[in-house]
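Asker: Protein chains in written order, with our numbering: chain R, 3 to 116; chain B, 2 to 110.
Don't read these hints as lab results, they were simulated from the structure. Backbone N, C-alpha and C fix where the C-beta goes; we use that ideal spot for every residue, glycine too. Careful: at least some of the hints might be erroneous.
Stated by the list, open to error - Covered stretches of chain R, as calculated for chain B (at least 3 residues, CB under 8 angstroms):
id, stretch
1, 24 to 31
2, 82 to 89
Claimed, not checked - What the simulated footprint calls covered on chain B by chain R, stretch by stretch (three residues with Cβ under 8 angstroms from a Cβ of chain R suffice, anywhere in the stretch; the number is not a length):
id, stretch
3, 25 to 31
4, 100 to 106
Stated by the list, open to error - Heads up, incomplete: computed chain R residues facing chain B, CB under 10 angstroms, no partners named:
id, residue
5, Tyr37
6, Leu43
7, Pro64
8, Leu92
9, Ser96
If you want the building blocks of each chain, they are given just below.
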Amino acid sequence: EAGVTQSPTHLIKTRGQQATLRCSPISGHTSVYWYQQALGLGLQFLLWYDEGEERNRGNFPPRFSGRQFPNYSSELNVNALELEDSALYLCASSLTQGATGELFFGEGSRLTVL
Amino acid sequence: GQSLEQPSEVTAVEGAIVQINCTYQTSGFYGLSWYQQHDGGAPTFLSYNALDGLEETGRFSSFLSRSDSYGYLLLQELQMKDSASYFCAVPNQGGKLIFGQGTELSVKP
Chain R
3 EAGVTQSPTH LIKTRGQQAT LRCSPISGHT SVYWYQQALG LGLQFLLWYD
53 EGEERNRGNF PPRFSGRQFP NYSSELNVNA LELEDSALYL CASSLTQGAT
103 GELFFGEGSR LTVL
Chain B
2 GQSLEQPSEV TAVEGAIVQI NCTYQTSGFY GLSWYQQHDG GAPTFLSYNA
52 LDGLEETGRF SSFLSRSDSY GYLLLQELQM KDSASYFCAV PNQGGKLIFG
102 QGTELSVKP
């Protein structure tokens, strides 16, 4: 069974540009979570999608947005990129709604903003 | 709000036992999870405690005391491959999993 897959693995952008990151959850998982992990720091919650709806978002500006498609895959968009957006962006999926169970993470997309 | 505190780094030698503590403050408690992350890769789930007590899974054990808002991860018979970052995490009412800042474990020969 395939795990959570993310693309691209690496992405280099310049300030002001937009970045789009993609995530495919484990088959059968309807919940998708996005986290930001700056170098050497913990995971900061960005967004949670379930059944195509945004269920919760973290303390990030509106230029961080996303969506979940009918096949439960998800996309994270970051507009007007700033230098501090450079980080590893991790996607996770779960079988149960609400993160009380195990989250399965992808390897992440490393975004570098120059 | 919610916050979790854990030591930033711990060092131990191969074959030893190490304990990584985590204290939390939450509005509503649903359980305490532990995750392992090697070199910025995918975090992997280790354990989940919803009730007080010790849960054992091979060399790893996790403990929870809800009255003390405290838990720990115990790693026995340390191996070099256990060198990684370890995160405690709690789910909140909004369904998101809140992570601590992580403890970097270095296992020395």
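Asker: Of all the hints numbered above, which does this structure not satisfy? Sort the numbers upward.
Answerer: 1, 2, 3, 7
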